[in-house]
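Participant: Which chain is which? The protein sequence lines are A and B, in order. The first sequence begins at 56 in our numbering and counts up by one. The second sequence begins at 4 in our numbering and counts up by one.
Bear in mind the hints are in silico, worked out from the structure with no lab data behind them. Don't be surprised by glycine CBs; every beta carbon is placed ideally from N, CA and C. Don't take each hint at face value.
Now the in silico label distances, taken between C-beta atoms and shown as ranges [what the hints assert, rightly or not]:
no.	chain 1	residue 1	chain 2	residue 2	range
1	A	Gly-59	B	Leu-19	23 to 29 Å
2	A	Thr-230	B	Ala-233	29 to 35 Å
3	A	Phe-96	B	Gln-48	35 to 41 Å
4	A	Ser-72	B	Ile-23	44 to 50 Å
5	B	Ile-15	A	Gly-128	48 to 54 Å
6	A	Thr-102	B	Ile-257	49 to 55 Å
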Amino acid sequence: MDFGTIIAGILTLAILSFLYRDNPVYKMAESLLIGVSIGYFLVITWTNTLMDTMFEPLFAKGDLFLLIPLALGLLMFARFHQKTSWLAKIPIGFLIGSGAGVAIPAMLHARTLKQMSATVAPIISEGGLPNVGSIVVIVGVISTLTYFYFSREHKGALGKSARLGTFFLMVFFGTTFGYTVMSRMSTFIGRMEFLLADFLHLY
Amino acid sequence: MKRLEARHWTFIGLFLTIGITMLLNFRLDIPVSDRTRVLYDYIEQLPSGSTLIVSFDHEASSVPEIRPIALSILRHAFKKGHKLIGVALLAEGTLIGYRLMRQTAEEYGRVYGADYVYLGFRPQYIAAILSMGKSIRETYPQDYRGNDYDSLPMLRGIENYSDIAGVLSIADGSLTTHWIEYGRGRFDIPVAAGVTAAMVTTYDPYVASGQLDAMVGGLRGAAEYEQLIAREGGGIRGMLAQSSAHVYVVVLIIIGNIIHFASRRRRAA
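Just chain B, with the same shape it has in the complex (with noise of 0.2 Å):
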């Protein structure tokens, strides 16, 4: 058997540290941001049964991020009577997507082909964005579970962006941008995110500058949303392990600091 190393020690520290503050789970109120209230009102003050587009834009390996922040919004929408249609511009994405509206829509008794639809994957995101703009129906002559468009009593009249509320993009990358820059440059569509936290500053300036309506960025912003929605869905409970894990990333600078200067004044010495 290897000797543990300094890093496995580490490793180990932080098993613990997330492991036991999951499993005793205190109560930890996180104040809301006015980032998230911003896409909670959005969805909030749509009128019922508003058609949104969701948008799967992520990969399989950031579902562990990106599943709280889809089960707060998908719910708050379903719970709001809004009617979702799901797409889905990365592959990886797509069954994700469609089990996490399947489940939402479960929850509140939503129908499949009334309340909500899953279109599924098309390639070429841009093309998929640019083409949906002029035809939905065109682009997707049937929907993830191989029903004709016109089948499906929730898309009858449902043409393009102009009988859509907005788009809400879950992404884990750039894809969000191509919303912005075609579903919103071209189209005026309005554009919302739910966003991993490494793109929140990706992301920043285009809430900034107002291209991108609202944003709700990492297991924080999911957190919050939780909060506003009154649904704990992961993110409370994996923030309690995210703060728990920066104060041991914290206290092990403190730490590895004072070895540091220790060691250089007694080699000084």
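Excised from the complex, chain A in its bound form (with noise of 0.2 Å):
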């Protein structure tokens, strides 16, 4: 077995431990995670980022232009001083203005648009039979979206439409729970597999 596995296999076990109780194991091998977990992430922000994208091309092949992404960086650091806060607007705006340039035509397209599109199905299949499926998409939408209407007061028919909305919504909660159930278990599945098989050697 190698040095890694042993460190992982006790780490599990240290983890696991606080099903038991808040310990120290525990909170050692937390504080071990998330200091190591920083630690990777600004390793790699260094090497693959900064170095890779900025200083390497900027100093080692001379592309000047990366100097106005270096501004704009550094001026967020302004803000950490009274009188040159305002210059951290500079680098904020640049980013807002162009990540919402960016995202809002491909969300609107994506998440709107083709959703909305793929909501309107044929009703009629091409053997004259009802499609169930689409007629159940287009009346989950229509009563779920009813709930979500706040203009008027929920009595009659939309009262009935959004008491109708509530189940597609229960559900969708409903799915989403089990599925996160299973996702959770599957990472302890996962663990277990390891302590078992790895740590073990058990099967």
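With the hints in hand, could you dock these two chains into one complex?
Facilitator: Here it is as structure tokens:
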């Protein structure tokens, strides 16, 4: 068994010890996880971001265009001084402006327009039979949207539609919760597999 | 020593249920869903030698669930002789992705630089996805190992997404959405995903609208995929444990309800 597996096994058991109660061994493992994660992130950011895309092209290849993002990046630190803090608004404005410009059309297209067009599917199939799936989708979308329509009191037909919408919402929440439980269980199973197979060699 | 409470017994029960099931390793036939088969068929039907981008868009905490999914997809792609370009949009996924690619490549005798390359992490995922659409070379002048882009034989002739057959996003969060919005939306590149179970309901609408070409979800998806490629990678055994854990939870719910109603009746009496 290699050294890394032994360390990983001990740390896994240390984290699982929290199930009994909070204890110093768990706290040590938790702090170690946070420290290692931040350290790893810093190293990756330094090597893959600052060195690869900024300092090396700027200083080794003389790409002077990179002085602009470098200056914008440095202006972020102006926030730390009261007199110069206004300068930080320049890169923040640039980030918000460019971010919104890039994101809004893409999100509108993928999350709204494409999804809307997918909702409007034929409710009668080619064979002349009703397309149950499409009908359920249309009813679900309309009733759920009416639930979030707050400009009129939910009475009469609007109230009934909104109530139907809550059932669709509950189905969604239930499914999402079920999948999330499954996901967390999978994480535990993954660690159990590591403990039983790699750490203890039981299979 | 602290006295064991009800929740401790619940954990012990779950621990034993999962542990015993994994050790016994019964045979469990898992029916393959259409959703998983679509991804399998997508990789299967690509001409051998097609170039795919595998994007490791996850953190370390989801590795137990992500690993079987990634292993199955990578094994299938390497078995079919596809060329793979590995990237990571989250810093934490960088090394994990590299190790998974190297492990599966070695299993099929694939050579680094000729059959697969690992380009590594780039920050600001939206910018990275858009930048690769313009030029992968400019986005990654060097690979993860420090080799120049042009020195890698596999990358000769690959400039941007027009030279790529598709993107496989291995994700535990919303990063696949960005591949859909910017990769597929802007550059019309096919996007498929292997995601954690918690993200399945997030991506289902994208599959339904045809924006996400295929998706494998959670340990169950991994187990199904393992059956399709006839190679176990932790998914099938994990799914066995998952099923027994679900039965255990259902039994606990029933017992909890019986105790609740019995105590209510006792109080009423």
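Participant: Does the hinted range 23 to 29 Å hold for Gly-59 of chain A and Leu-19 of chain B at CB?
Facilitator: holds (28 Å)
Participant: Determine whether the Cβ-Cβ distance between Ile-15 of chain B and Gly-128 of chain A falls within the hinted range of 48 to 54 Å.
Facilitator: Holds, since Ile-15 of chain B and Gly-128 of chain A (Cβ atoms, about 52 Å apart) stay within the stated range.
Participant: Given a hint of 44 to 50 Å, does the C-beta separation of Ser-72 of chain A and Ile-23 of chain B actually sit inside it?
Facilitator: violated (21 Å)
Participant: Measuring from beta carbon to beta carbon, are Thr-102 of chain A and Ile-257 of chain B in 49 to 55 Å?
Facilitator: This hint holds: roughly 54 Å between Cβ atoms.
Participant: Given the range 29 to 35 Å, decide if the beta-carbon distance of Thr-230 of chain A to Ala-233 of chain B lies inside it.
Facilitator: holds (30 Å)
Participant: Kindly confirm whether 35 to 41 Å is satisfied by the beta carbon distance between Phe-96 of chain A and Gln-48 of chain B.
Facilitator: Cβ of Phe-96 of chain A to Cβ of Gln-48 of chain B: about 39 Å, so the range 35 to 41 Å holds.
Violation of the numbered hints given earlier is confined to hint 4; every other hint is satisfied by the structure.
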